[in-house]
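Sequences listed follow chains A and B, in order.
All residue numbers for the first sequence refer to the working numbering, where the first residue is 1 and numbers rise by one.
All residue numbers for the second sequence refer to the working numbering, where the first residue is 1001 and numbers rise by one.
No wet-lab data here; the hints were simulated from the structure.
Treat the hints with caution; some may be incorrect.
Where chain A lies over chain B, by a calculated footprint (3+ residues, C-beta under 8 Å) [said to hold, decoys possible]:
no.	stretch
1	1041 to 1050
2	1071 to 1079
Residues from chain A shown here face chain B by an in silico Cβ test under 8 Å; the list is partial [what the hints assert, rightly or not]:
no.	residue
3	Y39
4	Q42
5	G43
6	L44
7	L46
8	K49
9	G53
10	A54
11	T55
12	A87
13	Q106
14	T108
15	S111
In silico EDC-like links for lysine to aspartate or glutamate, alpha-carbon gap of 16 Å or less [what the hints assert, rightly or not]:
no.	chain 1	residue 1	chain 2	residue 2
16	B	K1044	B	D1086
17	A	K49	B	D1086
18	A	K113	A	E71
19	A	K101	B	D1057
20	A	K101	B	D1086
21	B	K1015	B	E1085
22	A	K101	B	D1104
For each residue, glycine too, the CB sits at the ideal point set by N, CA and C.
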Amino acid sequence: AQSVTQLGSHVSVSEGALVLLRCNYSSSVPPYLFWYVQYPNQGLQLLLKYTTGATLVKGINGFEAEFKKSETSFHLTKPSAHMSDAAEYFCAVTSYNQGGKLIFGQGTELSVKP
Amino acid sequence: EAGVAQSPRYKIIEKRQSVAFWCNPISGHATLYWYQQILGQGPKLLIQFQNNGVVDDSQLPKDRFSAERLKGVDSTLKIQPAKLEDSAVYLCASSLNPGGTFTDTQYFGPGTRLTVL
């Protein structure tokens, strides 16, 4: 069975500071990994995804994530936080034998202080 | 391009009552998903349709939940009777490829927030 663990249910950073949201996964087969963002009262929006190939993935709004198989991690980073980045972030995993079914982590709420 | 539409946006009911949610996916998207998101948790897949056939309903509480996707387009999710623990946001998502390709992007609607009193 696959699973995702997001370390820290709430992360707070200052505007302009580095954003680091942690995601570790468990999968017995090669994983495909996703980061979604959810703004208040809205649905989830894809930030980026890793399928195959380059392990450093760049997404929208200046976010990127690196797939590290040896560490079973897929941490999300952004060099400089903006106020508009405040939202809930979800890491998710699937694989070739899951038919598109996503397994989500519990989410990390990001707050950005002025 | 219009996104995934859901209605109603909010619903408050008493326990043991019935409720239905509606989803209209992005035009041309073959695969449709219903997720349940309980406060403080990530979304959990309830059911997945490929066109109008069910691909995965292993986590759907079938004694009280039902879903259908008529003509492979719109879908409805019903709860009858509702329990307090059904209070959650119900998210609908769709993706393009009929094979439910595992790397497909899923596009989410705004969700329906259900409160069961």
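Now for the hints, and whether the structure bears them out:
{"no.": "1", "hint": "1041 to 1050", "result": "holds (count 6)"}
{"no.": "2", "hint": "1071 to 1079", "result": "violated (count 0)"}
{"no.": "3", "hint": "Y39", "result": "10 Å, violated"}
{"no.": "4", "hint": "Q42", "result": "6 Å, holds"}
{"no.": "5", "hint": "G43", "result": "3 Å, holds"}
{"no.": "6", "hint": "L44", "result": "4 Å, holds"}
{"no.": "7", "hint": "L46", "result": "5 Å, holds"}
{"no.": "8", "hint": "K49", "result": "7 Å, holds"}
{"no.": "9", "hint": "G53", "result": "11 Å, violated"}
{"no.": "10", "hint": "A54", "result": "14 Å, violated"}
{"no.": "11", "hint": "T55", "result": "15 Å, violated"}
{"no.": "12", "hint": "A87", "result": "14 Å, violated"}
{"no.": "13", "hint": "Q106", "result": "5 Å, holds"}
{"no.": "14", "hint": "T108", "result": "10 Å, violated"}
{"no.": "15", "hint": "S111", "result": "16 Å, violated"}
{"no.": "16", "hint": "K1044(B) with D1086(B)", "result": "13 Å, holds"}
{"no.": "17", "hint": "K49(A) with D1086(B)", "result": "30 Å, violated"}
{"no.": "18", "hint": "K113(A) with E71(A)", "result": "31 Å, violated"}
{"no.": "19", "hint": "K101(A) with D1057(B)", "result": "11 Å, holds"}
{"no.": "20", "hint": "K101(A) with D1086(B)", "result": "21 Å, violated"}
{"no.": "21", "hint": "K1015(B) with E1085(B)", "result": "10 Å, holds"}
{"no.": "22", "hint": "K101(A) with D1104(B)", "result": "10 Å, holds"}
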